[in-house]
Amino acid sequence: MGVAKYIKDERGAIKTVTYQSGINVKPVYGPEDLEKAGFKYEKDLGAPGEYPFTRSIHPQSYRSRAWTTRQYTGFGTPEETNERFKLMIANGQNGLNVAFDLPTQMGYDSDHPLAQGEVGRVGMAIDSLKDFETAFAGIPLDRIGSGLTINAVATIMMAMYQATAEKFGYSKDQISTTPQNDILKEMIGRGAWIFPVEHGVRLVGDSIEYAVKELPKSNPVSICGYHIRESGANPAQEIAYAFEIAKAYIDNVTQRGILPEEFVGRFSFNFNVYGNLWEQIAKFRAARKLWAKMLKNEYGVTDKKKLFLRGLFGGGGSGLTKEQPENNIMRGAYYALGAALSGAQTTALCSFDEAYTIPTPRSALLSLRTLEMLMDEVGLRDTVDPLAGSYFIETLTLEMEEKILEEMQEVQKMGGMTKCISEGVIQRKVSRQAYEYEKGLQSGEYRKVGLNPEASDQTAEKTEAGAVELHEYNEDWAKKSKANLKALRATRNDKDVSDSLKALEKAAKGSDNVMPHLVKCCHAYATVGEMAGVFRQAFGEWNEPEFY
Amino acid sequence: MIRLIEDNDPSAFELLKELYPHSGNGFTIGITGSPGVGKSTLIDALITEFRKLDLKVAVIAVDPSSPVSGGAILGDRLRMQRHAADAGVFIRSMASRGQKGGLSRATKDAAIVLDAMGYDIIIIETVGAGQAEFDIASIAHSTGIVSIPGTGDGIQAVKAGILEIGDIFIVNKCDKPDADAACHQLTMMLGMRNLSDTEWRPSVLKTIAQNGTGVDKLAQTFLSHFDFMKKNNLMDPKRKELEHIYFQSLLKDLTLEKILLFMEDSTDYRQALKKIESGSMDPITAAESMVNKILV
Amino acid sequence: METKNKIRVLIAKPGLDGHDKGAKIVALALRDAGMEVIYSGLHQTLDQIMQTATQEAVDVIGLSIMSGAHLPICEKLIAMMKAQEIDDIRLTVGGVIPYQDIPKLKEMGVAAVFPGGTSFEDITFGMNKLFE
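In order, the protein sequence lines correspond to chains A, B and C. Our numbering puts the first residue of the first sequence at 1, with every later residue one more than the last. Our numbering puts the first residue of the second sequence at 1, with every later residue one more than the last. Our numbering puts the first residue of the third sequence at 1, with every later residue one more than the last.
Extracted from the complex, chain A is given alone in its bound form (with noise of 0.2 angstroms):
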């Protein structure tokens, strides 16, 4: 869902314009446009750093700090991780990232039936504290954060971080986790879902709740429009779905009597970054500035830095072609480009060979090079939101707000996001829009170059494309996984295990905060299959509604 549609006549001159979101593009604007608009400095923009954010969360911005870019690990066993982990560190980096096998993903133990195939493929295959312990050995966690991509069983997994660092001397106030921990888009867009919907809000708020209470340095939600854009919503979906997500999950903790001024500012976001230029810029800018007026309006938060949007603006691979791939490198600089203009503060860029293969290190590095290059070398760092006052940007910040406000509104009217995704609402609507818009784009409909319509000269480029490279599958580390666990199972106590799974089964099936439960299963060496176990059993696992 990025490309415009471009309506041109006889001799190919463009007649009409209409972005993704729904939104016209004139020929021309002009102060007029402003004032149609009803524009105001104050009101629409207010200076960088001031609500509502319009131009920046940041006084300065890149003026004080370029942005910062993001790297992901984890792969295989845990021993592997851990030395990629140190090597990064030594390198500089002072954050990790980590990746997660399918199986833990699924709350599957290595030696479950579906996990076959699946272990440390995509990411580190992790059963228990054990795991975690080996993963992180000799990682200072007073220092080093740690984001988690997780979801399903983000509560398992940042109970067992806590578990970790405890057991290597840390208290819970001195570390910083961040779990992906959107259960929602999961069921929108990347399928690692398992249970039923509220219970995984219910999950998701009662990770909050505990970090809130227990876990200071720790962000506990990172809601992903990105996925939900890669599934088939436009720009303006992706920012709405994004925010009525946020407020399932805000309701959710605020039904326990705590304050959104409590958490809110520690919740951050996912974005995605390809498709028209211009459309990208206005979705960024437009979405700062609803997410301050909603909470400062809708949720009475005061203070100034807990109404920022943070977040991660990049990827953009859905844009990206397997025909033609060096394409994809121009294609990657302007991506990253409409994400400097937007001021993002975090981005990454997907490499310009991921269509088809995990990135090599010479791709990694091209992207690297990328970002570099517009910080430091073309001028992006130059001034703060340098497109503001634009006739043209203005203009289409304030349509992007109200069709942003639209698509929230519909979700709102059918009973707000958990229902629509109970009932597939989202998922339908989606799915059709990704149906028409590949349609469009094999069509020819929606430009893409390199692919339409030079559909002809492929089979050169075809041929070093599809001699794909995938994640090379090691058996040894399914073996030395399930050996692991034969151990673990041999040592541990297992009336500890037992106990901690009731307790944890009790809380579960009652209103009790499954956390410090959690916490406790994790020092008792319960599996990650045990422990999702137990939430399988109290809640049973989503039936998907139909998606036509």
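It is worth saying that the hints were derived from the structure and are not from the lab. Be aware that a few hints might be false.
Straight-line C-alpha distance at most 25 angstroms; calculated PhoX-like pairs for lysine-lysine [what the hints assert, rightly or not]:
1) LYS213/A <-> LYS509/A
2) LYS76/C <-> LYS482/A
3) LYS479/A <-> LYS106/C
4) LYS439/A <-> LYS6/C
Please arrange chains B and C on chain A, whose structure you already have, making use of the hints.
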């Protein structure tokens, strides 16, 4: 086998003839209701309840074919997929293939096959859109009509005369407001019917299919209906009634098929068409005289 | 009362991978091409896929595999079909499939491979071709 029936393969009839004597032991339940009321989720929960009682369950889920492409996405199964590895459960999705109201004789044929295969309970799911409610009552022993609060479905039911053919009225999604009001409304309207002691008194039940609330009671109610029919000697008349309807529909279909075949080769037919086209005869007269010719 | 012969397809997502956008849009495309499509949903075991395919009497199983595990999965499924003596269901695979694996899959008995990026037209044509 069901495939042969669906595709109207000539060998299908031979198979049906063979299987028919073995059918008649199963209990057929029809579940109908507007889209979005949660029929599939309800059936998924019902399967669980029936399986607890060690009953073998077959489900025929009917979905509309696209009038444009003729294709279909048969998605009811998705909500029941957790039973996909249970050997005691058989789920078969069928596209309406142009049949109005969703149900066709093929659905009934499929139900016979499954019955003969030994399934204790055969559930037929279809979207209720006017016609369908009547079709389903002519195939099933017991018909459940599903609605949700707040949509005025109760009143629609009265208007369409559906009240007469439903045996169990299910108000699903009872966690919504107005659930009690909807049940009350239905109960009142049903109460206005005059029923003798040997006639089944339709029940109104509340469910939340998503978490299984009320579904055990629903399963029991269907089984009670089955028992009631047996005790009050209603099974035989009902079976005869269904058989009669089936016989009629077979007659209609077979006759129509023969007629259509005849028409393709017949010069009379082409002549009649020419007359209609040229305006020398109206279609009504042409059809009348054609039929008389055929039946002579 | 003629009912034309329709091609019945089961679009299935085996294993734990949750990326279903491709599977869903192909399902929609096949429907628009006149086929009857059953979608299995996520996280399916091979047993579930087999039972679904046989009960639904499909003509084709279309596996959607984005995790790179296509070779072991297809191998297992083909073995299961042989063991159950099923010879009237064709197996096709789509998703993240390297070109170099296509001959290996065909050798195993996979009837057609549609790597990501194959147009809807080509997939429909390929599916129909299986029945000529």
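Hints, one by one, checked against the model:
no.	hint	verdict
1	LYS213/A <-> LYS509/A	holds, 22 angstroms
2	LYS76/C <-> LYS482/A	holds, 22 angstroms
3	LYS479/A <-> LYS106/C	violated, 30 angstroms
4	LYS439/A <-> LYS6/C	holds, 23 angstroms
When the structure is compared with the earlier hints, a violation turns up for hint 3 alone.
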